[in-house]
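Protein chains: 2
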Amino acid sequence: MLRLKSVKIDTYPDNVAFLARHCEACRPEEFLALRKIDVIAGDKRIQASLLIVDDENMVGLKELGLSEQAFRRLGLAEGAKVSIAPSRQPRSLEHLRSKIHGAALNREQITMIINDIVNHRYSEKEIAAFLVSSAGFMTTDEMLALTEAMANVGHRLTWGEPNIVDKHCVGGVPGNRTSMIVVPIVAAHGLIIPKTSSRAITSSAGTADTMEVLSRVDLTVEEMQDVVKRCNGCIVWGGHVGLSPVDDILISVERPLSINTREQMVASIMSKKMSAGSTHLLIDIPVGRYAKVSSLDSAMRLRKLFEFVGDKVGVHVEVTVTDGSQPIGQGIGPVLEARDVMAVLACQPNAPLDLREKSLQIAGALLETDPDLRGGSGYDRAKELLDSGDALSSMERIIKYQGKVDTPYTLGTLTKDVLAPRRGTVSAIDCFRISRLARLAGAPFEKGAGIDLFKKIGDTVASGEPLYRIYANFQSDYAFASEFAAKDNGYHLE
Amino acid sequence: MLRLKSVKIDTYPDNVAFLARHCEACRPEEFLALRKIDVIAGDKRIQASLLIVDDENMVGLKELGLSEQAFRRLGLAEGAKVSIAPSRQPRSLEHLRSKIHGAALNREQITMIINDIVNHRYSEKEIAAFLVSSAGFMTTDEMLALTEAMANVGHRLTWGEPNIVDKHCVGGVPGNRTSMIVVPIVAAHGLIIPKTSSRAITSSAGTADTMEVLSRVDLTVEEMQDVVKRCNGCIVWGGHVGLSPVDDILISVERPLSINTREQMVASIMSKKMSAGSTHLLIDIPVGRYAKVSSLDSAMRLRKLFEFVGDKVGVHVEVTVTDGSQPIGQGIGPVLEARDVMAVLACQPNAPLDLREKSLQIAGALLETDPDLRGGSGYDRAKELLDSGDALSSMERIIKYQGKVDTPYTLGTLTKDVLAPRRGTVSAIDCFRISRLARLAGAPFEKGAGIDLFKKIGDTVASGEPLYRIYANFQSDYAFASEFAAKDNGYHLE
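From first to last, the protein sequence lines are chains A and B. Sequential numbering of the first sequence, starting at 909, is according to this note's numbering. Sequential numbering of the second sequence, starting at 909, is according to this note's numbering.
For the record, the hints were derived by calculation from the structure and aren't laboratory data. Hints are not guaranteed to be accurate.
A pair holds if it fits inside one copy or across any two, identical chains being indistinguishable in the list.
[Stated by the list, open to error] Only pairs whose alpha carbons sit at most 20 Å apart, straight line, appear in this in silico SDA-like list of lysine to any residue:
#1 Lys1324 x Asp918
#2 Lys913 x Glu964
#3 Lys952 x Gly983
#4 Lys1137 x Arg1124
#5 Lys1220 x Thr1019
#6 Lys916 x Leu940
#7 Lys1364 x Ala1328
#8 Lys1363 x Phe1392
#9 Lys1324 x Val1369
#10 Lys1200 x Arg1015
#11 Lys970 x Asp918
#12 Lys1200 x Asp1338
#13 Lys916 x Glu932
#14 Lys1137 x His1028
#15 Lys916 x Met966
#16 Lys1324 x Tyr1287
#17 Lys1220 x Lys1324
#18 Lys913 x Asn965
#19 Lys1364 x Pro994
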């Protein structure tokens, strides 16, 4: 018997147990080969990866330490008596091994794996093994089974309406904040659009980061449902409502490995939308040399997969392939992007036209799903709602009910204009580089950091004319970003 | 700048860095997506996986913690000033990604990956990704490149002799301690046989565990070379001499995932033997229903792979397929196995005949590689060396120079005889179950724990006659083992 101790290390998504090397109640070396143990207290049992500790202040000779989430999951107080045993490997590991050695799995096997992952019975290594073996090959049947298994764990929202619309962009284009314009337009029309968005992971801002400049985004499911009831729509952070807990776990392992297959992308997005209760979904696939999808051919194959899964799971999916050759709007970074969004909603004369136009196209397509609207009139209706100020009111209402930010964020105080080295016409803008530059300047963690673009593709510039302005809050960020821009400013001139 | 702190957690094979969640010198959340950072001090730079700590006693707001091996690798004192940066991903990760997505890699790409792994630039997840994607498929060219890349890192021993012999058993048969008889015979003849062995990982004893009953086995490379110079041979633990550091890392990840492909097995064994400087290698593949290799067809395919790689890398490989239908010898567990080995070497009348005969066959085959010996006389020469007592003297000399154990280990004091439930003839013995039973009884951690077999296949037993005896040192081990044997004793009677 060992005494339970909480070790305050965040090891998400892994459950980790800590034993003293010279533990007096067991032989840690016995468990080291498989590096996984079961921790047992009465009828509670959790699986955990094992680490050995050589510091008795951290874990004593009669103690068992558990990392933060493992401790929470076991749900006992410090000092509770626990015992350990060789891990009862979850049965689905057999299927994982088949998959590793080249088998295609059936629906039941995939469901078992997903259930074990969401119940934290897989170590990070085992999750990586599942993702890597699936990236090697995955049949469309496997992808479909994966999507459904993922959608079946965690919350599944219902809205009591036949028509729940949603949109999703596969990403890769900086400044592409159409959701923050589409949601208020569609909500103003009266359709239900409960939008969950992500935070930036490696990019300079996600919709959730930018929305956070205006309102709270870390709503609970109940708060989110309340906002939608009052406003027809919302723009919240998906990570907090936990609609797809297994997707959050898979992404946390997938991302560091840079695994990015079409099949896993489709399963991830579609399962999340199923959990959100969406019935009509518009997928935006920007295509461009520097976007996530770089060819029309790839976009087409991705479109087919979305359509296949949508048809099978009963979600009406429409896919639109858009121009991903350059950033959308002018600002890159939360405060700058929020400025662009509000300018479009307020119909200000200086509002970025490309952001306005793309948002109208998407909102129009979503409005077409309203049976009461005459076919082909979606775009005009979207324009009407935007130009009349109804969309702006809708947005203000959403901001109010999500919880308006008290003190507005301000732009970074350190600025630098990056100048054209010669005259010419802008022929290309490197989205990767621009996004990286905004991140170096501090975005999204510093809301006011980022880049304001003065020139887009097709614009002519004089030698020495500013291409864009860098905003930063800290001297070190400012220096990193300036240096990075000096090396290659990301603009191609002809 | 952060102050370096040592966090005494053993995270092998991963380098792990710890930051306080509210670190005052950086934004930990910035690094969380990729969960990997570079730790920099002057011209030293190591890669480490990042964990967040919520206990300022463990890691303070201005500190950076490093796990034991990461701290050693950086090689600075606590309190040293370090900085951190987003990880400069090793270039070989690109190739890993290609492999994950189905590509076959060339020699240069595999070499880059192996070099990055051995230099601790890969996280455990990334190592798992390499192993899993390789298990999916691996061409023979990839396998060959992997073998050579693995052999080229770490020590490579040279012996100043043209003929260095070695043997290796792919495993799965309890009690199979032929090495401890073959080495002294071959060494007594005058051939050089620098044998490194493994410890049990999931089985009840490895050769190193059993040899440790008689002498030290954790010799350094220099000590090992000295013993071989004096005795022509040695029997040491391979894990300590570190001949194949990358193999140790790969196995530590492979094992918990139960990845076990022919290609990875061949690369692992052949690279280790190349590092040991072997020129002539005998591979023992036991085949049996309960052995690691269960069919002659599998054994044949494995044999071909060994021969292919051997020919390409210039090691003369001979493969022998042996009977793996039941344990070899009588004892299972370190003390019991050492007893059998010494009984064979001392030519005691009660020595297990199967262990003697198999050892003579293997030793005979190795002696055939001596150009001074007449073809076909290897077996007779081996028998002569064993029966004359020369092999025993050779073993005593090896024990002496490796460092004889002062106080002999004794057998477990708790014993239980497992009885035949009815009369009959033994038709099969389940090696998995017998090995697991010995492990439950405490082997290999308790040297005196294990099982002593009284009956083998073909023996007749009366009802109530003992099949084997369990030895244990602790009441809990004794109870676990007795219960396990009561459920199914592993013997099949006809």
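* Asked: Between copies, within a copy, both or neither: which fits Lys1324 and Val1369 at Cα up to 20 Å?
  -> Result: close within a single copy only, 18 Å intra versus 91 Å inter.
* **Status of Met966 relative to Lys916 across identical chains (alpha carbons, at most 20 Å)** => both (10 Å within a copy, 9 Å between copies)
* **Same-copy or cross-copy closeness of Lys1137 to Arg1124 [CA-CA at most 20 Å]** => So Lys1137 and Arg1124 pass the 20 Å test inside one copy only (17 Å; across, 74 Å).
* Under a CA distance limit of 20 Å, which applies to Lys916 and Glu932: within one copy, between copies, both, or neither? -> between (23 Å within a copy, 18 Å between copies)
* **Intra- versus inter-copy proximity for Ala1328 and Lys1364 (alpha-carbon distance at most 20 Å)** => within (13 Å within a copy, 86 Å between copies)
* Give the relationship of Lys1324 and Tyr1287 under a CA distance limit of 20 Å: within one copy only, between copies only, both, or neither. => neither (39 Å within a copy, 84 Å between copies)
* Asked: From the Cα coordinates, with 20 Å as the cut-off, is the pair Lys1220 and Thr1019 best called within, between, both, or neither?
  -> within (17 Å within a copy, 45 Å between copies)
* Within a copy, between copies, both or neither: where do Lys916 and Leu940 come within 20 Å Cα-Cα? -> between (22 Å within a copy, 17 Å between copies)
* **20 Å Cα threshold - placement of Gly983 relative to Lys952** => within (9 Å within a copy, 42 Å between copies)
* Give the relationship of Lys1220 and Lys1324 under a CA distance limit of 20 Å: within one copy only, between copies only, both, or neither. => neither (52 Å within a copy, 60 Å between copies)
* Asked: With identical chains treated as interchangeable, where does the CA-CA distance between Lys1137 and His1028 reach 20 Å or less: within a copy, between copies, both, or neither?
  -> Neither: 34 Å inside a copy, 53 Å across copies.
* **Intra- versus inter-subunit Cα pairing at 20 Å for Lys1363 with Phe1392** => within (19 Å within a copy, 75 Å between copies)
The structure fails to meet hints 1, 10, 14, 16, 17, 19 from the earlier list, while all remaining hints are met.
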